[in-house]
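There are 2 protein chains.
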Amino acid sequence: MDWAPDSVIVRLGGEIWIKKSWTRRWYLRRLVRNIRVVLEHYDVAYDQIIRRNGRVFVATCEAQASAKRLSRIFGVSSVSPALNTGTDLDAIVNVSLSVAQRILTAGNSFAVRCKRVGKHPYTSQEVCRVVGRRILEALADRKVRVDLDNPDLRIGVEVRDDLAFVFAEVIKGVGGFPLGVQGRIVGLLSGGLDSAVACWLVMKRGCSVVPLYFDNDPYTGESVNKRTVEVARVLSDWAVGFPRSLYIVSYGASLKEIVEGTPRRLTCILCKRLMYRIAERISDRVGAEGLVTGEAIGEQASQTLRNLRVLDEAAERYPVHRPLLGFDKAETEMLARKIGTYEVSARSVEGCEAVPYKPATKAKLEEVMEAESKLDIKKMVDRCVGGLAVVSL
Amino acid sequence: MDWAPDSVIVRLGGEIWIKKSWTRRWYLRRLVRNIRVVLEHYDVAYDQIIRRNGRVFVATCEAQASAKRLSRIFGVSSVSPALNTGTDLDAIVNVSLSVAQRILTAGNSFAVRCKRVGKHPYTSQEVCRVVGRRILEALADRKVRVDLDNPDLRIGVEVRDDLAFVFAEVIKGVGGFPLGVQGRIVGLLSGGLDSAVACWLVMKRGCSVVPLYFDNDPYTGESVNKRTVEVARVLSDWAVGFPRSLYIVSYGASLKEIVEGTPRRLTCILCKRLMYRIAERISDRVGAEGLVTGEAIGEQASQTLRNLRVLDEAAERYPVHRPLLGFDKAETEMLARKIGTYEVSARSVEGCEAVPYKPATKAKLEEVMEAESKLDIKKMVDRCVGGLAVVSL
Numbered sequence: 017m018d019w020a021p022d023s024v025i026v027r028l029g030g031e032i033w034i035k036k037s038w039t040r041r042w043y044l045r046r047l048v049r050n051i052r053v054v055l056e057h058y059d060v061a062y063d064q065i066i067r068r069n070g071r072v073f074v075a076t077c078e079a080q081a082s083a084k085r086l087s088r089i090f091g092v093s094s095v096s097p098a099l100n101t102g103t104d105l106d107a108i109v110n111v112s113l114s115v116a117q118r119i120l121t122a123g124n125s126f127a128v129r130c131k132r133v134g135k136h137p138y139t140s141q142e143v144c145r146v147v148g149r150r151i152l153e154a155l156a157d158r159k160v161r162v163d164l165d166n167p168d169l170r171i172g173v174e175v176r177d178d179l180a181f182v183f184a185e186v187i188k189g190v191g192g193f194p195l196g197v198q199g200r201i202v203g204l205l206s207g208g209l210d211s212a213v214a215c216w217l218v219m220k221r222g223c224s225v226v227p228l229y230f231d232n233d234p235y236t237g238e239s240v241n242k243r244t245v246e247v248a249r250v251l252s253d254w255a256v257g258f259p260r261s262l263y264i265v266s267y268g269a270s271l272k273e274i275v276e277g278t279p280r281r282l283t284c285i286l287c288k289r290l291m292y293r294i295a296e297r298i299s300d301r302v303g304a305e306g307l308v309t310g311e312a313i314g315e316q317a318s319q320t321l322r323n324l325r326v327l328d329e330a331a332e333r334y335p336v337h338r339p340l341l342g343f344d345k346a347e348t349e350m351l352a353r354k355i356g357t358y359e360v361s362a363r364s365v366e367g368c369e370a371v372p373y374k375p376a377t378k379a380k381l382e383e384v385m386e387a388e389s390k391l392d393i394k395k396m397v398d399r400c401v402g403g404l405a406v407v408s409l
Numbered sequence: 017m018d019w020a021p022d023s024v025i026v027r028l029g030g031e032i033w034i035k036k037s038w039t040r041r042w043y044l045r046r047l048v049r050n051i052r053v054v055l056e057h058y059d060v061a062y063d064q065i066i067r068r069n070g071r072v073f074v075a076t077c078e079a080q081a082s083a084k085r086l087s088r089i090f091g092v093s094s095v096s097p098a099l100n101t102g103t104d105l106d107a108i109v110n111v112s113l114s115v116a117q118r119i120l121t122a123g124n125s126f127a128v129r130c131k132r133v134g135k136h137p138y139t140s141q142e143v144c145r146v147v148g149r150r151i152l153e154a155l156a157d158r159k160v161r162v163d164l165d166n167p168d169l170r171i172g173v174e175v176r177d178d179l180a181f182v183f184a185e186v187i188k189g190v191g192g193f194p195l196g197v198q199g200r201i202v203g204l205l206s207g208g209l210d211s212a213v214a215c216w217l218v219m220k221r222g223c224s225v226v227p228l229y230f231d232n233d234p235y236t237g238e239s240v241n242k243r244t245v246e247v248a249r250v251l252s253d254w255a256v257g258f259p260r261s262l263y264i265v266s267y268g269a270s271l272k273e274i275v276e277g278t279p280r281r282l283t284c285i286l287c288k289r290l291m292y293r294i295a296e297r298i299s300d301r302v303g304a305e306g307l308v309t310g311e312a313i314g315e316q317a318s319q320t321l322r323n324l325r326v327l328d329e330a331a332e333r334y335p336v337h338r339p340l341l342g343f344d345k346a347e348t349e350m351l352a353r354k355i356g357t358y359e360v361s362a363r364s365v366e367g368c369e370a371v372p373y374k375p376a377t378k379a380k381l382e383e384v385m386e387a388e389s390k391l392d393i394k395k396m397v398d399r400c401v402g403g404l405a406v407v408s409l
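From first to last, the protein sequence lines are chains R and S. So in this note's numbering, spot 138 of the first sequence is number 154, and the numbers just go up one at a time. So in this note's numbering, spot 306 of the second sequence is number 322, and the numbers just go up one at a time.
Please keep in mind that the hints were generated in silico from the structure rather than gathered at the bench. Careful, some of the hints might be misleading.
Treat identical chains as interchangeable: a pair holds within one or across any two.
Claimed, not checked - Within a straight-line C-alpha distance of at most 20 Å, the following computed SDA-like cross-link-like pairs (lysine to any residue) qualify:
1) Lys-380 / Phe-258
2) Lys-345 / Val-401
3) Lys-188 / Leu-351
4) Lys-378 / Ile-34
5) Lys-242 / Ala-362
6) Lys-380 / Glu-332
7) Lys-36 / Gly-70
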């Protein structure tokens, strides 16, 4: 759109409005902090970030560029590049008209909408009426017309106390809650499609994710490691201002003990149970409140409802959160495209060679525990946690 | 569309195709059983249901009506009302032409697509070419034309071994896995938006849900009970052939003990922990593999990441599945509309009067356990489970 906005209106998700006032204030503060670090991280120039009546306004000479960045900040429901104006009706009308002159072409239909909070000598309806009439008069030669139901272009006026803005576009934001309003969570990240989307979903709801990767070498190869690092980087881009690191556990030796010392059909279940236990210890260390995994019901043999119960039993002190439980693969893929992990995650890599041909789909807890009794679980956990590496992304 | 199909092509979700052959066969058998009971339940006349090469074909004189029903069966990715034809090219061409004559109007563009599995004396491309040419010739007076990229209408030909069909419409199905391929799960159903959607999501992935409702009378009123029964009925309509019943626990007396005997800020957390414990006992009784709840991170004070950990601790023997963890309210609402529970769930009812003004958002497990030590939890659970009512829907 060929006009030069000097601000961005940032709108918050509807869910924030039903919070109690103190919670809402805290969420807003967090959001403003996140906005600041994102703009600074991406070198987007801005003059100030203003909070007013539950909206956030960013004054910036790079409004279009920053609107795009801002729409990808968790907690933002939509953004609009806008022109700042005085709150007196004349000023609003003049700026609205100049925007209309830039964006309306011959024969276009338009509508004017106004949202107003605070005390002003005019009503919202008055603003719409006056602005609309003025545009019709001034652009009579372009034969523009009003269409309230299905206009070609919408001109928006937003008045909040001492501030007023005119905008012509609403860009959908990513939604959710500001990152950091919930606690920390350890994300079991394999580099595949599911786990990355699962981590992103809890980030969207405000949780800071500590990504944890189990390196299964020699059962998987270097390409899997590389893929995971790349996926973790994409996720980090959604969490600017939060630590950019990947926790890596050398898991191959433990997996070897499982493969060689227990029934093959139980390999995946025993492998995951051990992962949960290690992740719990790492949760202790980083002060997390739980684990998050990419498991979806029935997605793999180890993820039948029965097996999920057997897996869950191994996590004794933290909940295992599985935001993809009800997702179809196609839905997860769609989300991965939006997040930006799809390209990397869908890349063909060698599968884990430890996966048996016929894995158990209905494991019994007793047989699993009997198999585990043949392993020195405590030693395996200690070894893995002891050898933990933290890689900067 | 004004033509008289005599069959419905039922296509399965992509995820079913990556299952091992024995799992896939079992899923298909289950799907065919579910199709049969749905058609019989809704009195849709059909002659036979045929499985062939991973597709299901339903021969029915009510193809349009049954297509709509079939598209809402879990495991179905899409359906097409279709005309059955012989597999020789002449027959296919003739039936395709008769369909084209019915649906193509003057100036329409069209494309022909063919999917073929089995041995036939022609290729798929040949079918498209011959059918397309024949339609162009026969409908020359209507000035129809071929547009492979963006046609007004698509004519599809599906050949599987000894069966062939022609169709002109693909209706999106609900996806997921056939209901019943996973085990049973106890669904904590409040009648509100979230819990119903959560139950539906695990049903979509194949789980049979046993809906469990806690009647908080006198903290909630009769309207809440009524609403839950209605929501449970809507969910049951997605599970034709499975038990239509609602499990109801009289919970008011227990909630009263919590409200009166423990710190008010912990009421919701203690209430939910007790619900989990009761639900576990009911899981034992019905042979379920876990619980499912509508909790989403940060959606309510009791659902902060910290509090979810404290809640989870109370479920000792079953996993608590929370498919909405990463959902925004707006996303849940959208799904509720699709499911059909929105209208009922969004109805205004009295809120629970036991909810405190300032509930704890960061409860500590120790304080929660101390508060519980003042209650006779075992007695409360026994009383609730003892008074369980099972209501037919």
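Now for the hints, and whether the structure bears them out:
1. Lys-380 / Phe-258: neither (41 Å within a copy, 25 Å between copies)
2. Lys-345 / Val-401: For Lys-345 and Val-401, neither the intra-copy (32 Å) nor the inter-copy (38 Å) Cα distance is at most 20 Å.
3. Lys-188 / Leu-351: Both: 15 Å inside a copy, 19 Å across copies.
4. Lys-378 / Ile-34: Intra 43 Å, inter 19 Å, cutoff 20 Å: inter-copy only.
5. Lys-242 / Ala-362: So Lys-242 and Ala-362 pass the 20 Å test inside one copy only (13 Å; across, 47 Å).
6. Lys-380 / Glu-332: both (18 Å within a copy, 17 Å between copies)
7. Lys-36 / Gly-70: within (13 Å within a copy, 53 Å between copies)
Consistency note: the structure conflicts with the earlier hints numbered 1 and 2.
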